[in-house]
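Enquirer: The opening position of the sequence shown corresponds to residue 269 in the working numbering, with each subsequent residue numbered one higher.
To be clear, the hints were calculated from the coordinates, so they are not data collected in a lab. Mixed in with the good hints there might be a few duds.
For lysine-lysine, the following BS3-like pairs were computed, each having C-alpha atoms within a straight-line distance of at most 25 Å [what the hints assert, rightly or not]:
#1 Lys-456 <-> Lys-436
#2 Lys-436 <-> Lys-378
#3 Lys-312 <-> Lys-371
#4 Lys-376 <-> Lys-436
Bear in mind the structure is a predicted one, so any value in this text is a computation, not a measurement.
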Amino acid sequence: MKNRKEFQSRIGLRRHQRKLNEQKRNEIKIKNEEWEMLEENPIKKWFSNFCNHTTIHDITYLGQSNLHWSESPLSTVVESTIFPVSEISFPAITICNTNRFHKERFLKAKDIFLPDADRETREEFQLFLTNLNNSQFGAFDEFDEKAFNLTPTMELKLNSLNLTEVFKFVMLSCEEIIFNDKCWWRNKYFNCCDNLIYLQRSGYGLCYSFNNAVSNIGLRRKVEKLF
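Could you put the whole structure together from the sequences, leaning on the hints where they help?
Expert: Given below as structure tokens:
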């Protein structure tokens with residue numbers, strides 16, 4: 269009787285082990301099939317990579333294959349079906365150039381703002397601007413340590429400078445970014461840079477904004493209300 273129970277127990281263990289091995293093989297097979305499908309479809313691979321790295325709001329969720337709607341449901345309620353489109357506010361648009369500095373003006377900046385400084389101070393000033401060009405709000409830990417290792421002379425020079433004016437000088441102008449000087453808005457032509465687009469401080473430096481509620485001087489500048 270005892271031997272029979274031991275025999276049945278061994279058979280049960282073997283069946284259980286075979287079942288576990290079969291489940292494991294199926295999981296590996298599914299993963300391999302998913303990977304092969306991803307390799308066979310470069311567009312899907314590119315889109316998945318884009319979704320995982322983009323900063324565009326909500327797009328990251330599109331690339332999460334393991335995210336189910338039932339876990340994070342979204343319900344939309346239409347408040348009114350007769351609300352006119354003309355009453356919907358036009359969104360604000362902000363343009364930030366990834367290349368913040370104009371090369372020629374960047375090289376001239378030390379002559380314009382530090383005309384009487386010695387060579388070492390000018391080189392430090394140029395290095396300081398280079399680090400500012402590569403930094404952004406929220407990532408100051410990546411700021412080059414050399415930018416903070418300034419000589420006393422350079423510190424005095426920086427204290428006397430208006431860095432906003434320095435940025436305005438070295439950055440690309442609105443006319444250099446918006447090639448067409450005429451913008452069509454509310455059935456009229458306007459000069460884009462003089463009437464519609466304004467400087468805007470942001471985490472990426474000075475940018476150009478259209479229809480933003482706040483301008484660079486902190487005043488409300490909704491163009492919908494101006495024209």
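Enquirer: Hinted pair, alpha-carbon criterion (25 Å max): Lys-436, Lys-378. Please report holds or violated.
Expert: holds, 14 Å
Enquirer: Take the C-alpha atoms of Lys-312 and Lys-371, compute the straight-line distance between them, and say whether it is at most 25 Å.
Expert: violated, 38 Å
Enquirer: Between Lys-376 and Lys-436, does the CA-CA distance stay at or below 25 Å?
Expert: Roughly 13 Å separates the two Cα atoms, so the pair holds.
Enquirer: Does the alpha-carbon distance linking Lys-456 and Lys-436 stay inside the 25 Å limit?
Expert: With a Cα-Cα distance of about 29 Å, the restraint between Lys-456 and Lys-436 is violated, given a limit of 25 Å.
When held up to the earlier numbered hints, the structure conflicts with 1 and 3 and fits the remainder.
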